[in-house]
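Chains as they are written, first to last, in numbering that gives the first Met the number 0: chain A, 0 to 318; chain B, 0 to 318.
Everything labelled a hint here was simulated from the structure, so no lab data went into it. Do not take every clue at face value.
Any copy, or any two copies together, can satisfy a pair, since identical chains are not distinguished.
Lysine to aspartate or glutamate pairs mimicking DMTMM-like chemistry, simulated, CA-CA at most 20 Å apart [to be verified]: (1) K223 <-> E64; (2) K191 <-> E210; (3) K58 <-> D312; (4) K191 <-> E208; (5) K138 <-> E187; (6) K254 <-> D97; (7) K191 <-> E93; (8) K45 <-> D163; (9) K45 <-> D202; (10) K191 <-> D202; (11) K58 <-> D177; (12) K254 <-> E116; (13) K223 <-> D202; (14) K189 <-> D202; (15) K5 <-> D97; (16) K189 <-> E210; (17) K191 <-> E243; (18) K127 <-> D292; (19) K57 <-> D26; (20) K1 <-> E139; (21) K260 <-> D74; (22) K72 <-> D97.
There are 2 protein chains.
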Amino acid sequence: MKINVKQCAEILLKQDNILILTHAHPDGDTLGSGFALCRALMRLGKICSVVNADEIPKKYDYLYEDIAPIRFKQDYVVAVDVATTNLLGSLEGEYHIDMCIDHHSTNTEYADYLLLEDVPAACQLMYKVITELGVDIDKEIANCLYTGLTTDTGCFRYASTTADTYRTAAQLIDCGADNGRINRVMFENKTKTYARLERLALDSMRFYENERVAVITITQEMYKLTGSNEQETEAIAPLTRQIEGVEIGITIREKPDGTSKASIRTFETVNAAQLAKMFGGGGHPQAAACRFDCGVREAREKLVEKCGELLNDRNNMCE
Amino acid sequence: MKINVKQCAEILLKQDNILILTHAHPDGDTLGSGFALCRALMRLGKICSVVNADEIPKKYDYLYEDIAPIRFKQDYVVAVDVATTNLLGSLEGEYHIDMCIDHHSTNTEYADYLLLEDVPAACQLMYKVITELGVDIDKEIANCLYTGLTTDTGCFRYASTTADTYRTAAQLIDCGADNGRINRVMFENKTKTYARLERLALDSMRFYENERVAVITITQEMYKLTGSNEQETEAIAPLTRQIEGVEIGITIREKPDGTSKASIRTFETVNAAQLAKMFGGGGHPQAAACRFDCGVREAREKLVEKCGELLNDRNNMCE
Numbered sequence: 000m001k002i003n004v005k006q007c008a009e010i011l012l013k014q015d016n017i018l019i020l021t022h023a024h025p026d027g028d029t030l031g032s033g034f035a036l037c038r039a040l041m042r043l044g045k046i047c048s049v050v051n052a053d054e055i056p057k058k059y060d061y062l063y064e065d066i067a068p069i070r071f072k073q074d075y076v077v078a079v080d081v082a083t084t085n086l087l088g089s090l091e092g093e094y095h096i097d098m099c100i101d102h103h104s105t106n107t108e109y110a111d112y113l114l115l116e117d118v119p120a121a122c123q124l125m126y127k128v129i130t131e132l133g134v135d136i137d138k139e140i141a142n143c144l145y146t147g148l149t150t151d152t153g154c155f156r157y158a159s160t161t162a163d164t165y166r167t168a169a170q171l172i173d174c175g176a177d178n179g180r181i182n183r184v185m186f187e188n189k190t191k192t193y194a195r196l197e198r199l200a201l202d203s204m205r206f207y208e209n210e211r212v213a214v215i216t217i218t219q220e221m222y223k224l225t226g227s228n229e230q231e232t233e234a235i236a237p238l239t240r241q242i243e244g245v246e247i248g249i250t251i252r253e254k255p256d257g258t259s260k261a262s263i264r265t266f267e268t269v270n271a272a273q274l275a276k277m278f279g280g281g282g283h284p285q286a287a288a289c290r291f292d293c294g295v296r297e298a299r300e301k302l303v304e305k306c307g308e309l310l311n312d313r314n315n316m317c318e
Numbered sequence: 000m001k002i003n004v005k006q007c008a009e010i011l012l013k014q015d016n017i018l019i020l021t022h023a024h025p026d027g028d029t030l031g032s033g034f035a036l037c038r039a040l041m042r043l044g045k046i047c048s049v050v051n052a053d054e055i056p057k058k059y060d061y062l063y064e065d066i067a068p069i070r071f072k073q074d075y076v077v078a079v080d081v082a083t084t085n086l087l088g089s090l091e092g093e094y095h096i097d098m099c100i101d102h103h104s105t106n107t108e109y110a111d112y113l114l115l116e117d118v119p120a121a122c123q124l125m126y127k128v129i130t131e132l133g134v135d136i137d138k139e140i141a142n143c144l145y146t147g148l149t150t151d152t153g154c155f156r157y158a159s160t161t162a163d164t165y166r167t168a169a170q171l172i173d174c175g176a177d178n179g180r181i182n183r184v185m186f187e188n189k190t191k192t193y194a195r196l197e198r199l200a201l202d203s204m205r206f207y208e209n210e211r212v213a214v215i216t217i218t219q220e221m222y223k224l225t226g227s228n229e230q231e232t233e234a235i236a237p238l239t240r241q242i243e244g245v246e247i248g249i250t251i252r253e254k255p256d257g258t259s260k261a262s263i264r265t266f267e268t269v270n271a272a273q274l275a276k277m278f279g280g281g282g283h284p285q286a287a288a289c290r291f292d293c294g295v296r297e298a299r300e301k302l303v304e305k306c307g308e309l310l311n312d313r314n315n316m317c318e
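Whole structure, please, built from the sequences with the hints as guidance.
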């Protein structure tokens, strides 16, 4: 059942012993909204905790390091920033999910109650929930919410960022959010292993179709050489799309078993999900992914061929 | 004489045939504030134009392409985002400067009237001036002002960005600023020549002092190999500072005559201006520059030696 912010706050105020679930491979927005809600509910005297399937990357320590771990039997379970239950990873099926607070229009409505708004970050919605709960936003809550806002919008860069996103950021800074430090940790702190991998990745970049397609390939050998790993490739995919004239940017990663996975990034002119779908994958119009049973070079060949068809089809349509 | 926003607007309302000067090597903030002011004054029926010493990079076309060029004898001259007259480049000394609107605390008060506020972007101040002039901000003015805000704050990333910066951005988006497109043009559009230069620059990066100092060297040969030039090195300097553990990031560029110029970037722990000053240069605490009569390798040696002294001095002080 879909609910609004007011109903969401009313329901939460009646609950206690609340478990908050974030999605697996947790990022700044799921963690920021989860810990912000947890802190707000604790301020209201409730017993509350945040749970994830995976380890939380070290850079997010400040979101929760002052919260003492607590064990309790949950009476109510809230998922935040989780569009489908399989995104819970190993926690899928572990709990009955009473409520979901999310910003993905693809949400499958798996929870009893769903608060859904199509905003650029779950934290933008969580700001409204916490305000509605009647909790004054302190510095710690502000840091959590600002973290989600900035990470899910590429530091307020993406076209999806709205005037309200900026307004929420302003209010969070007024409440003490340490925007300078958070952005430095999130956007200006490459590990040495990542910096090495990035160099090799850029060296591997090849152009096709009159330089309208750029492809980076990352091999297991490159992880070995740099001391890096697949977790660090997240920041590589956007690099392909940043180059003048490139309409389709592809990053192909070799998996340990020799198969490959491709991340596709496009601008408005090309539908990335359409390309991914040709290989059994999917995603968003400007960011999608698919898998291949073959190695990276063969995957590249297959993808580049379809890129050519896609770009030519469009040219023909425009004529 | 220092004036406030109200006085500034009162004076401008009485003037006509106004020439607006931006600084040489114009960037998004000087152009954005210049063309925003020009558009606002034109909306008030005044004759007005913007002049620069140098060519305006193509990516800023949208700031002014719909403004018909006009020739007139100026009765009033306003410099925007110009801290000292030598920043006017070849236009220095060409005009008597009646007014200056600026955000650099280092402004030398060369104009008859100075409106100065220590805000992250001149456009943040210009927003207040235009509002005080009684001009409704239209889409074109909003695009100009947003451009300055986002470029001078590294897309709202730098620690200097305040709640008011975000609030101003929100208001500009409400007025029609095309934030997504502007940020894409400013931050996600590397030329192919720049992309090639960046790769060579990253390849040249060396670490010193337990990897607390990172140095990039760019030679004339590298410009030749990549088809790039010195104008494109602006985006290289911040790369050095982004790596985990690096406290001093240095980019040394070889000049056509074989001498070199170093750009120094630091975080709060080290004063970049102090280091630059040892070699007759200067700048801000976190961004400074200096010149050398020697080549890039010798310059690197000299700088790295002083970096070692600076870092050790600080360690000793802390003991």
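To see whether the hints hold, each was checked on the structure:
In the homo-oligomer, the alpha carbons of K223 and E64 never lie at most 20 Å apart, since the shortest distance is 32 Å inside one protomer and 51 Å across protomers. Taking the closest pair of Cα atoms, K191 and E210 come within 20 Å of each other only across two copies (9 Å); inside a single copy the shortest separation is 30 Å, beyond that limit. Taking CA atoms no more than 20 Å apart as the test, K58 paired with D312 passes in neither setting, with 44 Å inside one copy and 29 Å between copies. For the identical chains of this complex, K191 and E208 are inter-copy neighbours only, at 15 Å across copies versus 34 Å inside a copy, given an alpha-carbon limit of 20 Å.
Proximity of K138 to E187 under the C-alpha cut-off of 20 Å is found in neither arrangement, the shortest distances being 22 Å within a copy and 32 Å between copies. With identical chains, the CA atoms of K254 and D97 are never at most 20 Å apart, being 36 Å at best within one copy and 65 Å at best between copies. For a Cα distance limit of 20 Å, the shortest separation of K191 from E93 qualifies neither inside one copy, at 37 Å, nor across copies, at 50 Å. For the homomeric pair K45 and D163, neither the shortest alpha-carbon distance inside one copy (30 Å) nor that between copies (35 Å) is at most 20 Å.
Taking CA atoms no more than 20 Å apart as the test, K45 paired with D202 passes in neither setting, with 53 Å inside one copy and 54 Å between copies. In this homomeric assembly, K191 and D202 come within 20 Å of each other (Cα to Cα) both inside a single copy, at 17 Å, and across copies, at 13 Å. Taking the shortest alpha-carbon separations for K58 and D177, only the intra-copy value of 14 Å comes in at or below 20 Å, while the best inter-copy value is 32 Å. In this assembly of identical chains, K254 and E116 lie within 20 Å of each other by CA distance neither inside one copy nor across copies; the values are 35 Å within and 54 Å between.
For the homomeric pair K223 and D202, the shortest alpha-carbon distances inside one copy (16 Å) and between copies (18 Å) are both at most 20 Å. In this assembly of identical chains, K189 and D202 lie within 20 Å of each other by CA distance both inside one copy and across copies; the values are 18 Å within and 16 Å between. With identical chains, the CA atoms of K5 and D97 are at most 20 Å apart within one copy only, with a shortest distance of 17 Å there and 55 Å across copies. Taking the closest pair of Cα atoms, K189 and E210 come within 20 Å of each other only across two copies (13 Å); inside a single copy the shortest separation is 28 Å, beyond that limit.
Taking CA atoms no more than 20 Å apart as the test, K191 paired with E243 passes between copies only; the shortest distance there is 6 Å, against 27 Å inside one copy. In the homo-oligomer, the alpha carbons of K127 and D292 never lie at most 20 Å apart, since the shortest distance is 45 Å inside one protomer and 59 Å across protomers. In the homo-oligomer, the alpha carbons of K57 and D26 lie at most 20 Å apart inside one protomer (11 Å), although the nearest pairing across protomers, at 37 Å, exceeds that limit. In the homo-oligomer, the alpha carbons of K1 and E139 never lie at most 20 Å apart, since the shortest distance is 29 Å inside one protomer and 40 Å across protomers.
Taking the closest pair of Cα atoms, K260 and D74 never come within 20 Å of each other, the shortest separation being 40 Å inside a single copy and 64 Å across copies. For a Cα distance limit of 20 Å, the shortest separation of K72 from D97 inside one copy, 15 Å, qualifies, whereas the shortest one across copies, 72 Å, does not.
In summary, the numbered hints that this structure violates are 1, 3, 5, 6, 7, 8, 9, 12, 18, 20 and 21.
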